[in-house]
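Student: Given the structure of chain A, go ahead and fit chain B onto it with the hints provided.
2 protein chains.
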Amino acid sequence: MATIKCLFACLLLAAACAPALAAHAPHSKPEVQVGIVLFEGVQIIDFAGPYEVFGNAGFGVTTVSHDGKPVTTAMGLKVTPDAAFDAAPAFDVLLVPGGDVEDAERDPEVLAFVRKHAQTSRRVLSVCTGSFILAGAGLLDGLKATTFTPRIDQFAKRYPKVDVIKDVRWADNGRIVTSAGLSSGLDAALHVVDSLRGTGQARTVAMRLEYDWKPEGGFVRSRMADRYWPKALEAAVEWPQDMAIRTDISLGDEREWRTVYIITSATPAAELLQRIAKGMQGMPGWSRQPGTYRWTSEQDGRQVGLSFDTTPEAEAKTYRLELRVDTKDA
Amino acid sequence: MATIKCLFACLLLAAACAPALAAHAPHSKPEVQVGIVLFEGVQIIDFAGPYEVFGNAGFGVTTVSHDGKPVTTAMGLKVTPDAAFDAAPAFDVLLVPGGDVEDAERDPEVLAFVRKHAQTSRRVLSVCTGSFILAGAGLLDGLKATTFTPRIDQFAKRYPKVDVIKDVRWADNGRIVTSAGLSSGLDAALHVVDSLRGTGQARTVAMRLEYDWKPEGGFVRSRMADRYWPKALEAAVEWPQDMAIRTDISLGDEREWRTVYIITSATPAAELLQRIAKGMQGMPGWSRQPGTYRWTSEQDGRQVGLSFDTTPEAEAKTYRLELRVDTKDA
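Chains as they are written, first to last, in my numbering: chain A, 1 to 330; chain B, 1 to 330.
Source of the hints: derived by calculation from the structure; they are not laboratory data. Small disclaimer: the values here were computed from a predicted structure and weren't measured. No residue lacks a Cβ here, since even glycine has one placed at the ideal position from N, Cα and C. Where hints are given, some of them may not hold.
[Said to hold, decoys possible] Under 10 angstroms between C-beta atoms, here's a sample of chain A residues computed to sit facing chain B:
#: 1; residue: Q43
#: 2; residue: Y51
#: 3; residue: P81
#: 4; residue: F85
#: 5; residue: L143
#: 6; residue: T149
#: 7; residue: S184
#: 8; residue: L196
#: 9; residue: G198
#: 10; residue: G218
#: 11; residue: F219
#: 12; residue: T247
[As the list claims (entries may be wrong)] Using C-beta positions, here's what the derived DEER-type ranges look like:
#: 13; chain 1: A; residue 1: D309; chain 2: B; residue 2: E216; range: 25 to 33 angstroms
#: 14; chain 1: B; residue 1: A270; chain 2: A; residue 2: E216; range: 52 to 60 angstroms
#: 15; chain 1: B; residue 1: E238; chain 2: A; residue 2: G217; range: 54 to 62 angstroms
#: 16; chain 1: B; residue 1: A156; chain 2: A; residue 2: E298; range: 58 to 66 angstroms
#: 17; chain 1: B; residue 1: K78; chain 2: A; residue 2: E254; range: 51 to 59 angstroms
#: 18; chain 1: A; residue 1: P290; chain 2: B; residue 2: G198; range: 30 to 38 angstroms
#: 19; chain 1: B; residue 1: G198; chain 2: A; residue 2: A83; range: 38 to 46 angstroms
#: 20; chain 1: B; residue 1: A156; chain 2: A; residue 2: G200; range: 28 to 36 angstroms
#: 21; chain 1: A; residue 1: G200; chain 2: B; residue 2: P290; range: 26 to 34 angstroms
#: 22; chain 1: A; residue 1: D167; chain 2: B; residue 2: K78; range: 33 to 41 angstroms
Only chain A is shown next, with the shape it has when bound in the complex (with noise of 0.2 angstroms):
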């Protein structure tokens, strides 16, 4: 009796402990089955984030990596696998995070393993980078794909084959589902389990993790102003060979966005400036507003302006170095 209170309390409020509602669930052994592969360099929230949503969810957990052994995370947490790859069961849904997947998105077997398990799983569903670990597997031909946003292009450029979108927090291709970056797999994970359990299932997760889930997507990093940014102008710049460099603020909107450095080089701030600006000349599609450190270019459809601009810090060779994008409707 005062385990069906327990009990009934306990799902009332949808509170769902996790443990305790194992415990007491009435499906001893999970419906779905959900494996999550690791490997070094791994992204802690890329696959907490969805092992919270799916174990909520009342799905089955298996973690399982090349050899089993403990894995250290991109950041430094050490966590140990429940199974190596040979000994990995079938799954329904396949995890693949993301974080370093330089390594893993060229490991045979880690590729192998992947390709293998998305033959048989219902779900395949990566998060962040790990949309690099399923293309190098060539699961992501000819299909709709997105990922962490600062490494969007260079996925592209890699993977032709895939169709790269930008402005979507995850992209559904009925069976494979890749997600934006880090926090973004919480959703997309939320996502599969509104895909196998219905929307009203997937809400209920959301609202255990007190989670403010938006089932049609919600926030979208790539769509922030910074994407009207000229990447190639990094390699175009001849930066001082002394420089150290160390982001103050990068933050913004769709339609503004503002980065602000702290450089500490011998070369001064007017000359770095200058540096830029030689840079700049090699942009296609930018004017220079004369006398100015403002460049502005139209895009989709928009006014787009760039401005770079300096301020002394009280030590002698430190300065902010500001950057400014701004968009209006052209």
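Tutor: Leaving out everything else, chain B in the frame of chain A:
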């Protein structure tokens, strides 16, 4: 040169694949050190979400536990802490996640560790039911605090010296911050970055995580309409001994809430409704609408309705029990 360009590109795009950042960053030792307390049954997202936030803020993160031995999280993930309690360094931020805290909130070693480090940390942050541990350590006496929505009432009852508040995503007492459930930890961790580094930095980190952070608070689970649910009813109903129950759907918004259970029991649906009605007789303030399983009351200046209904399922002895809460301005 290549390194500087890569770094610049990474930072420019707010990419900050964290390991790249760590490898190139001019400050080799992070200025802010975070300690995360782990224990058996810790909830994954409670520590993994803030870990991701703090790591992307450039903070150093160290996980600690009682004996430093591997810990199994509430949903099965196995994590190896960086250090045992007695080998832990001093921290600037102490993070106390939730999960299965029934043991941890009474464990003298955990409480002593949390008490000791709370004295020297600049910020102490609990996530979800982690607030039970802070309260168990006596750190929340006289302070405003919140927790996982379904456990708020229990929290207030167990720790009467705590000023428990329900309608926030996190409660900040200047040095001690408690967050609501699970995903709220992401927001509260960003709030801690905000308090130590400014809103611009916190928003920059949120952008890196592609997360739609609301500095002013955001989604508050405990404001949803199921707050009007008479929780004492669960103990007041004589539930069938053989009843198996699982939640099908439990969702809504601030005005309405709907929960559907799948009940399996030899007790027919009609009799279960009668038992619930008998239980409702003991609930103060609720008036029955004659001839129905609907009750109404006035709460917080709103008219609140509570309805029960059942629908037969295909299987014998199985039926859906639906609970609805609806509210309107009185």
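Student: Give a verdict on every hint.
Tutor: Going through the hints against the structure:
Among the interface hints, the one on Q43(A) holds; its C-beta lies about 7 angstroms from the nearest C-beta in chain B, closer than the 10 angstroms criterion. Annotation: interface hint on Y51(A) holds; nearest CB of chain B at approximately 6 angstroms, less than 10 angstroms. The restraint placing P81(A) at the interface with chain B holds, with a minimum CB-CB distance near 8 angstroms, inside the 10 angstroms limit. For F85(A), the interface hint is violated, since its Cβ never comes within 10 angstroms of a Cβ in chain B; the closest pair sits about 17 angstroms apart.
Checking L143(A) against chain B by beta carbon gives a least distance of about 21 angstroms; that is not within 10 angstroms, so the hint is violated. This hint holds: T149(A) has a C-beta 6 angstroms from the nearest C-beta of chain B, less than the 10 angstroms allowed. With 10 angstroms as the threshold, the beta carbon of S184(A) comes within range of chain B, its nearest partner Cβ sitting at about 5 angstroms, so the hint holds. Contact between L196(A) and chain B, as hinted, is not supported at the beta carbon level, the nearest pair being about 14 angstroms apart and thus beyond 10 angstroms.
The restraint placing G198(A) at the interface with chain B holds, with a minimum CB-CB distance near 8 angstroms, inside the 10 angstroms limit. Interface restraint check: G218(A) against chain B, minimum CB-CB distance 7 angstroms, threshold 10 angstroms, status holds. Given the 10 angstroms rule on beta carbons, the hint for F219(A) holds: about 3 angstroms separates it from the nearest Cβ of chain B. Proximity of T247(A) to chain B holds as hinted, the smallest CB-CB distance being about 4 angstroms (cut-off 10 angstroms).
In this structure the hint that D309(A) and E216(B) lie 25 to 33 angstroms apart at CB holds, the actual value being about 29 angstroms. Between A270(B) and E216(A) the CB atoms are about 40 angstroms apart, so this pair departs from the stated range of 52 to 60 angstroms. The given range of 54 to 62 angstroms is broken by E238(B) and G217(A), whose C-beta atoms sit roughly 46 angstroms from each other. Our hint of 58 to 66 angstroms for A156(B) and E298(A) holds, since their Cβ atoms are close to 59 angstroms apart.
At about 41 angstroms, the beta-carbon gap between K78(B) and E254(A) misses the expected band of 51 to 59 angstroms. With their beta carbons about 36 angstroms apart, P290(A) and G198(B) fall inside the hinted range of 30 to 38 angstroms. For the pair G198(B) and A83(A), the supplied restraint of 38 to 46 angstroms holds, since their beta-carbon distance comes to about 44 angstroms. Restraint check, A156(B) to G200(A): a C-beta distance of roughly 31 angstroms satisfies the suggested window 28 to 36 angstroms.
Between G200(A) and P290(B) the C-beta distance comes to about 31 angstroms, which sits within the given range of 26 to 34 angstroms. Checked against the hint of 33 to 41 angstroms, the pair D167(A) and K78(B) passes, with Cβ atoms roughly 38 angstroms apart.
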